[in-house]
Amino acid sequence: MPHLTVEYSNNLPQFEADKALMALNQALVASGQFEEIGIKSRTVRFDKFLVGTAPTGRAFVHAKLAILTGRTVEIKQTLSKSLLDALQAMCVWPAGLQVQLCVEVQEIERESYAKTSVG
Amino acid sequence: MPHLTVEYSNNLPQFEADKALMALNQALVASGQFEEIGIKSRTVRFDKFLVGTAPTGRAFVHAKLAILTGRTVEIKQTLSKSLLDALQAMCVWPAGLQVQLCVEVQEIERESYAKTSVG
Amino acid sequence: MPHLTVEYSNNLPQFEADKALMALNQALVASGQFEEIGIKSRTVRFDKFLVGTAPTGRAFVHAKLAILTGRTVEIKQTLSKSLLDALQAMCVWPAGLQVQLCVEVQEIERESYAKTSVG
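Protein chains in written order, with the working numbering: chain A, 211 to 329; chain B, 211 to 329; chain C, 211 to 329.
Any given hint could be a false lead.
Since the list gives no way to pick out one identical chain from another, each pair is judged satisfied if it fits inside one copy or across any two copies.
[To be verified] Okay, derived cross-link-like pairs now, EDC-like style, lysine to aspartate or glutamate, Cα gap no bigger than 16 Å in a straight line:
#1 K291 with E319
#2 K274 with E321
#3 K325 with D257
#4 K291 with D257
To be clear, the hints were calculated from the coordinates, so they are not data collected in a lab.
Values in this document were obtained by computation on a predicted structure and should not be read as measured data.
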């Protein structure tokens, strides 16, 4: 833990997935909440998307952070804010495009989570 | 908010992602529950999937609607039903294929959700 | 129900998606908790991922099982353990790579879940 999934619309050529993953994982390490090696992050680019009912002019980046149950709302707020800050700092967003940046914190039930490491 | 993700198996050439996104977003606008510009939707097509243990003859479309906490069960039921209706109305499903259409409503914790808009 | 999503990093050529789906679905059938035809599973391979802050040497497979609300923690633990066992048994993981295998159980609210079958 945790799992981070960063989803984004494909009309953001400025979005560099590798750079984003490093910046976001560094923010998670810096939070002090997680073991470095446990942070598993990925990006997903959507070729088919729609914001509202306007086919053009809009974009989004949506980060989902999934953590085990048991943390306070305050810790979760701090985590989502730090990820949002990292997203904002990461790139110069294009003019003429309305970009929504969002961070969601999900909880994974601790009791039924199963994990092992090999290698 | 909200976020909508429509997943579907790749054995549905009848499924038109752009058309589906517009129909579903229009249903969400019509619900009166959301600001039009806040509706962020995407489709994901799965090339690798399996329904039960039968390698052929089955397909699925699964819509996940993620909304902030605080709405009643009745509102959530109305939302999922309207999305299911839109999926059903959207296309002539193929003969000889068993297609499961599903809609799930997820909740995102309001207190820890972080968002900003740029541009 | 249920929905199973198996995510994995793209540095695992040993991971055979079709074989994994069959092994995992068979485990779910064997659990006695689900109707065979209701088990809808898919895999997603991530070309862009990062485990911690180390760009190489690490991999992951993460299975998400989504079931309707109402099952006990014990049943959920049995389900996640059986899926983890199936993942472990499935392939010879590569030497020199640290692979994390994880299984998460999510709940879908029963009252607002909508579903139909066509064909």
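field: Numbers of unmet hints, in rising order
entry: Violated: hints 3 and 4.
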